[in-house]
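Enquirer: As a plain string of letters, each chain reads:
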Amino acid sequence: MLPLEEPLAEIACMVNGRPISGRVVLRQSLVEWLRAELGLTGSHVGCAHGVCGACHLRLDGVVVRGCLVLAVQADGADVETIEAASGPEVTALREAFVEHGALQCGFCTPGMILQAAELLLGGGPLSREAIREQLSGNYCRCTGYQPIIDAVQAAGAALQAQAGGAGGE
Amino acid sequence: MTPARFAYLRPDTLGEALAVLAREGEGATPLAGGQSLMPMMAMRMARPALLLDLNRVAGLDGIAVVEGALHIGAMARHATVLAHPLVAAHAPLLPLALREVAHPAIRNRGTLGGSLCLADPAAELPACMLALDATLVLANRAGERGVAAVDFFQGLYATARRADELLVRVEIPLSPGWSPWFAETARRHGDYALAGLAMMCRREAGRITALRIAFLGVEAAPRRLPEVEAAILDSADAAALLPRLLSPLHAEEAPAAWRLHLAQVLLRRAMIGEGRHAAA
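Protein chains in written order, with the numbering used here: chain R, 1075 to 1243; chain C, -17 to 262.
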């Protein structure tokens, strides 16, 4: 039970392509609301103050820290979590992460995938330095990062091979 | 990590936002990108009574060249400024500095105006505003006023913004012939700077003929250092002046003497970066 004096707000937004409306606790972060109220537990809460990147999700198409956005701020927005993230770059990353052992406990993986997907979608160069910079705000406490960088590079190469094979440029 | 309770308003227009500030004064805390305010609230270092969310206020995120100056709206996100062709063309110092600002997901949400109004001593953008000779434009219900960057930053987390004002944009004079230099030292890329240096300079026939510098992360607030700039123009060892002129911040993990050393190293690197050599 919420205390009677707990301020609430009504919101309506798109979550993973579905219209959702409901009441949110005003001081609740977006990632906490997605997890607790909508059962979308793929975005993780690590540090809860914007350091670790485990809570990454897409807000109106760009990757943000889900713990640094209030649920009420998602009113009218388009929210996408790892549960609905799809497309060739996400598929390529998922396969490469498994192949390269780029996860152990998996806590950081959803945030890593979304952040790396943004790099692959941008179409820029995939040097190890560029990948490190892109993932610099995502903590992993299992892998030592090298397998993750290997996986993102491999996913980028796989995407390029696909594009080449399909006659793309 | 749950913030203390707060009231929340989300105006759609600047007029509504300024009316709230006129009424509430310091009781209202503007919320821009929230990438510093939200962590401070989570740790309860900040307990705003009323959050004034600016994310829906129309017209605060434009980037345009207007009458000889590059205007950047206060709510322009770091990622937008970083990638914007007008910024690359007219204020290339900003992309150099923004690459060092936090991490991609933070840059997707954080704003220029939020960073400037927070005035964190380690922040990159306040020092850049001094080096760019920018004017910060504040608005209240009565109208707008421009404050030169050198007058805006007044100390640790202290600025010239009054409680009834919002920063609406910065105006950066176009400076053809000037070139940027930026570097900082941090424990990891994207971490808070232990020391950094923003510089704009003009060179004629291989000589620096005009320059503006500002350190970040060294003192409580960025400021211009006329003696240092004059020494550089005279080809003197400007870094040797810093121990007398700077009052570096002190913390256990980054003592004042170390910050001073880093400031000297950065200044000497800047000189080499500009093709000049200071005596080491």
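A portion of the hints provided could be inaccurate.
In silico contact screen, one side only, chain R against chain C (beta carbon under 7 Å); selected entries [what the hints assert, rightly or not]:
| hint | residue |
| --- | --- |
| 1 | N1090 |
| 2 | S1095 |
| 3 | L1100 |
| 4 | G1120 |
| 5 | V1136 |
| 6 | V1137 |
| 7 | V1138 |
| 8 | R1139 |
| 9 | L1142 |
| 10 | S1201 |
| 11 | A1204 |
| 12 | R1215 |
| 13 | Q1220 |
| 14 | A1237 |
Output of the computed footprint for chain C on chain R, the stretches with three or more beta carbons under 8 Å from beta carbons of chain C [as the list claims (entries may be wrong)]:
| hint | stretch |
| --- | --- |
| 15 | 1108 to 1115 |
| 16 | 1171 to 1178 |
No wet-lab data here; the hints were simulated from the structure. Even glycine gets a Cβ: it sits at the ideal position worked out from N, Cα and C.
Enquirer: Against chain C, is S1201 (chain R) within 7 Å by beta-carbon distance?
Expert: violated, 14 Å
Enquirer: State whether the coverage of the stretch 1171 to 1178 of chain R by chain C holds or is violated, taking the criterion as 3 or more residues with Cβ-Cβ distances under 8 Å.
Expert: violated (count 0)
Enquirer: Once the shortest beta carbon distance from N1090 (chain R) to chain C is found, is it less than 7 Å?
Expert: It is violated, given that the least Cβ distance between N1090 (chain R) and chain C is near 19 Å, above 7 Å.
Enquirer: Measuring from the C-beta of A1237 (chain R) to each C-beta in chain C, is the shortest one below 7 Å?
Expert: Constraint on A1237 (chain R) not satisfied, violated at 23 Å.
Enquirer: Once the shortest beta carbon distance from R1139 (chain R) to chain C is found, is it less than 7 Å?
Expert: holds, 5 Å
Enquirer: Restraint: V1136 (chain R) near chain C, CB-CB cut 7 Å. Satisfied or not?
Expert: Result: holds, 4 Å to nearest chain C Cβ.
Enquirer: Less than 7 Å between beta-carbons is the criterion; does L1100 (chain R) satisfy it with respect to chain C?
Expert: holds, 6 Å
Enquirer: Does the closest beta carbon of chain C sit nearer than 7 Å to the beta carbon of Q1220 (chain R)?
Expert: Interface hint status for Q1220 (chain R): violated (16 Å vs cutoff 7 Å).
Enquirer: For the restraint on S1095 (chain R), tell me whether the closest CB of chain C is nearer than 7 Å.
Expert: Hint violated; S1095 (chain R) Cβ to chain C Cβ min 17 Å, cut 7 Å.
Enquirer: Would the hint on V1138 (chain R) be counted as holding, given a Cβ-Cβ threshold of 7 Å to chain C?
Expert: For V1138 (chain R), the interface hint holds, since the closest Cβ of chain C sits about 5 Å away, which is under 7 Å.
Enquirer: If you take the shortest Cβ to Cβ gap from V1137 (chain R) to chain C, is it below 7 Å?
Expert: Since the shortest Cβ distance to chain C is 5 Å, the answer is holds.
Enquirer: Using the nearest Cβ pair, does R1215 (chain R) come within less than 7 Å of chain C?
Expert: violated, 15 Å
Checked against the numbered hints listed earlier, the structure breaks hints 1, 2, 4, 10, 11, 12, 13, 14, 15, 16; every other hint is satisfied.
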